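Peer 1: Below, each chain spelled out in residue letters.
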Amino acid sequence: MISIPLESGLLLAGILFALGVVGLLVRRNVVFVLMSLEIMLNAAGLAFIVAGARWGQPDGQVMFIFILTMAAAEVAVGLALILQIYHRFKTLDSDAASKMRG
Amino acid sequence: MLELLWIVPALPFLGFLLLVLFGKHLSRTGVALIGVGSVGISGILTILIAISFITAPPAGHHFAQTLWVWIDVAGFTPAIAFYLDSLSMIFMLVITFVGFLIHLYSSEFMLDDDGYSRFFAYMNLFIGSMLTLVMGNNLLLLYLGWEGVGLCSYLLIGFWYQDPANGYAARKAFVVTRVGDASMAVGLFLLFKHFSTLNIQSILTQAPDLWAIGAPVATAAALLLLGGAVGKSAQLPLQTWLPDAMAGPTPVSALIHAATMVTAGVYLIARMHVVFALSPIAMLIVAIVGALTLLLSGFSAITQVDIKRVLAYSTISQIGYMFLGLGVGAWSAAIFHFMIHAFFKALLFLGAGVIILTHHHEHNMFKMRGIRKQLPVTFWTFLIASGALAAFPLVTAGFYSKDAIIWYAWSSEQGSPLLWVAGFVGAFITAIYTFRMVFITFFGEPRMEATHKPGIRLKIPLVVLGTLSVIAGFLNLPETMGHFTPFSDFLHFALPAVRTFHETLTQEFFFQIYTALASLVGIYLAYFFFIRKFEFIVQFTKTTFGAALQRYWFSGWAFDWFYDLLFVRPYIWIARINKEDVFDLIYDGIAAISRVFNRMFSFTESGRIRAYAMSIVIGAIIILTIAVVL
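Here the protein sequences line up with chains A and B, keeping their order. Per our numbering, the very first residue in the first sequence carries number 1; after that it's consecutive. Per our numbering, the very first residue in the second sequence carries number 1001; after that it's consecutive.
With the rest of the complex left out, here is chain B:
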């Protein structure tokens, strides 16, 4: 069964090729069959592989498959090779399964769009690239997938390219992530220089022998990789592209900018965990980046009016949690949160997509209001996902995954009370902005009528993901509640367990109560301010301080403005003054000097013989004088 591994990424690529070559001649049904079918079959195959991998694990709990040697230059021989262990298994499952549901959803969502086959071609290419990213056995193949998903992200953000704003958002996403990618490329060069290979497993086994803990070179390598992860996962300071990326179609936001691609940074850090573990400073920076990002984007989410932008900021914030988990060494908790987040955030985006589709493509929450009666299925699934996002205690999956990260931020050896406070406050803010969104969108007096009922292909993904947003949490129960942890046990074949101290069950129990309270109080506050006493908020935003704060948070802490001032404007300025290339000055100078000489010499060419004779005589006298004097 495991030998069929290569087919999993090959199918979406095949679908991409078919759609690119013949998409124009196919009917919409044909396009949907190829586009959804390729991902569906690869999803079924992944599940079969997963069953075989779990029931009959290969030796060492990993499986490598080499297809062919990609490049062979002077000892550098990266292969097209796939590596399957519990980490890549989980990512593959999420990518193909959630990917399939979103493809199914898109087949109805995009039905009226002219670019139907183009859309599915890009989506299939994305799934293929993302699978290459997580399955690649060497960092070069991983990088290929990494750039592939970046390309698809660019293509799909700018999918409705007729609007220049979408093209701008696409370019912004591409350029900002490129900053991180450049850093990652340098990191790969550094790793290759020290290990003479880019094979992930041999780097991971050699690194502890070659580098001491805290070695500067290990820190440098880890930080360079972190640069790539930060760009792709929209973390501080490269988070500015994700809110604008919402210009793309909603299924794209669900698939690429919530569930899969933006978590590639989490995958990269988890995959290279040995390198990171060798550098406590880099780990601390990962945790701090995560903690700061989850707070800043949480505050930004509170002020947004566009439902997709709320979700975008919330995605940045939740990935911040994953980084926090990675940074304190709670690898499996971070990956668990990745999986749960993929379920509920994809569901939130898909729910938002249904609302947008049935309300004249309106994004503004304040213009919808009270639509829970019009779209009951969407409302209930959206509510479940919001509960998961806000970590509603006990019944939602988000509670178990987020609670684990917050608990390890305190109890892990690399944890600290400050990190815990960040996670705790973040959980509180998450509850507020999530239920602000729910209350504004679904409650109150209806202001718009739904134009039509969502079809079955929109509803199935909602229901399936809604179910998963509840039951997936029980895959990893904390010690205080049964200690049923098949998920982390499975993951510990690939990632080390978190090392903790000062851990008692009562303490953990109390911390869970704090987290639960944060969530509940946050939800209550959202109810109080956005349903009961909405005028408070209106009043507050009218005061000078309130208005300034709102504007500041609304613009995402003015990072865009700051980057515009710091990079974009100086760049444009330099480009303008350097319109005629600075290096041309050298060649222009040479030309100008010869022109001056030319003018001087042509002046002596007077045509008067006596002047020539004079110059000869003067020259002769000068030479004679020199000869005599010397």
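Looking at chain A on its own, in the form it has when it is part of the complex:
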């Protein structure tokens, strides 16, 4: 079995996370924001898997399942919110929903 070196895995996770962050920041469409969030969560999950494989521990996979569950719950709530926003503002632009500014 070819073992993938830890550094490569973590690097990939880092790149994915960074991509997610950038997407989160630059995208105005709420659907894409949500997707960027998913990418970030999966990047974190990947880091756990890689670390778990490196140390031969199951904890990494346990954590990944937790993250997966949480992401599913988050998407459910997030999509509901997106529908509501679209209903109300007739757009998916996140900046449009800035009524709560101080």
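Don't take every hint at face value.
[Claimed, not checked] Think about it this way: if two alpha-carbon atoms lie no more than 20 Å apart in a straight line, the pair counts; the simulated SDA-like pairs of lysine to any residue are:
1) A:K99 with B:K1579
2) A:K99 with B:F1603
3) A:K99 with B:R1599
4) A:K99 with B:G1589
5) B:K1579 with B:G1589
Think of the hints as simulated: they come from the structure by calculation, not from any bench. Note that the structure is a prediction, hence the values are computed from the model and not measured.
Since chain A is already given, all that's left is putting chain B on it; use the hints.
Peer 2: Relative to chain A, chain B alone:
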């Protein structure tokens, strides 16, 4: 007999209570009976006590009576206790006797006034407080009386409160004397700290053991007490309130601002004489204050046109003599002058009151002129009192009392030629301004008619005080003239005799001739300038220098102006800029800073999710950087 001592101050207080509670329902006769009667009975009682005190003196020539313990806190137990010795005896006699005469006088003088019962209530309260002051066995009780008379002085100066000027004069008197009272209070704290008691007699017995002569703390205590005395007795530099205090009714000026209250400072210094004797510097300052005051106010008196203001300045000047006497250690001479002064100055004020009452409440001497034919009794008694004030030789009491002070200013161990010169020049000026007043008011062409004749209740006090202004002087004759001194012998049970050196009878005799000459020449000059050659004075006041001098003296050496500039204006200025309290700035500042932060943070609350995400990312990066770098 002596056990009845407590009734003497209790009666006027009772009169005060009755008049305050039921004064509105009483007729004028009833008010007068209570007001005059309470003081009259207390006067008779005082005389009986005095007779018993002199004929059958108690052990040690003093008598103390404790009524009850006033306060009992941690070893501080001042009692409501009275102390009778020859000093307080003399003050009590003067207060009740002169007080009674002035009450009697007021019962006619104030007859047409709406505040008849209010007037007598205040007057009775005053007599009660003044008696408390001189009889108190501890300094706290003395202080209670001290503040009580200050309150009555305030109430009675502003008695005709409808005129704002009177209210202003009352407030001025109250505030200026308060300056002195604060100093006195600090003095009491100092004494209590060192002696752990405020009992006067135990302080006086302990002080020489605890403090050496000239000890700084003794000087401090003496000077602080002097501060109180200076305020109450209208001496330099707190004399400015007394001329304005003439806004009150004339009997008030006679009782409070001539005979009794303003001499409370003299009493205080005489009472605490041991403390003062321990500090030669303080004694010297007392003498200098007296000498300066008697000169400055004497010059001011020469230029006044209001008859009551002449008398006010003359009162300041005569109390200056008493301070001079105290300062050179001539305790009994000062107290003798206090008594004589109470007689003749009360008489002068009462005489002036009759004139004012019968001349449409006119105060200006130049508008009256030549009224001796209209008011013969007033004229003759006023003349006698003026003679006493001007120390007319041999026949008036004022000569014997003032001469003693001037002589001791020279011959006492603490005396000095300069102090003597001040007293001598003062005597000369006194004669001038006194007889200027007499000549202007009573001589010349009449310009006003008296509206009515004074009644019997106005005349009796004049005649009695006039008699006393002559014969009381024979209670204390100097060594050159018989050396008959029952007054000072009596007083020496409470106060030490004056210590003198370079004293020969011939010298004393010559000094008496100088003083007598000063008085006579002064009277002649007053006659010359104000009757014969009045145009000289008119001419002189028209020159630039003369006009400036007159204005300067008239305003009392511009002390009012100076204090206004030095204290009143800066105070008002500070009050104005500090209208919003300076300490509020701290709390306002805290509020302003939180408001700035609030604005900053509410700006970040933009409602844009991406901005929030951005700030989270930036924050995370910063924290990571810090974690990596450190």
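Peer 1: Run every hint past the structure and note whether it holds.
Peer 2: We went through each hint and held it up to the structure:
| no. | hint | result |
| --- | --- | --- |
| 1 | A:K99 with B:K1579 | violated, 44 Å |
| 2 | A:K99 with B:F1603 | holds, 13 Å |
| 3 | A:K99 with B:R1599 | holds, 18 Å |
| 4 | A:K99 with B:G1589 | violated, 32 Å |
| 5 | B:K1579 with B:G1589 | holds, 17 Å |
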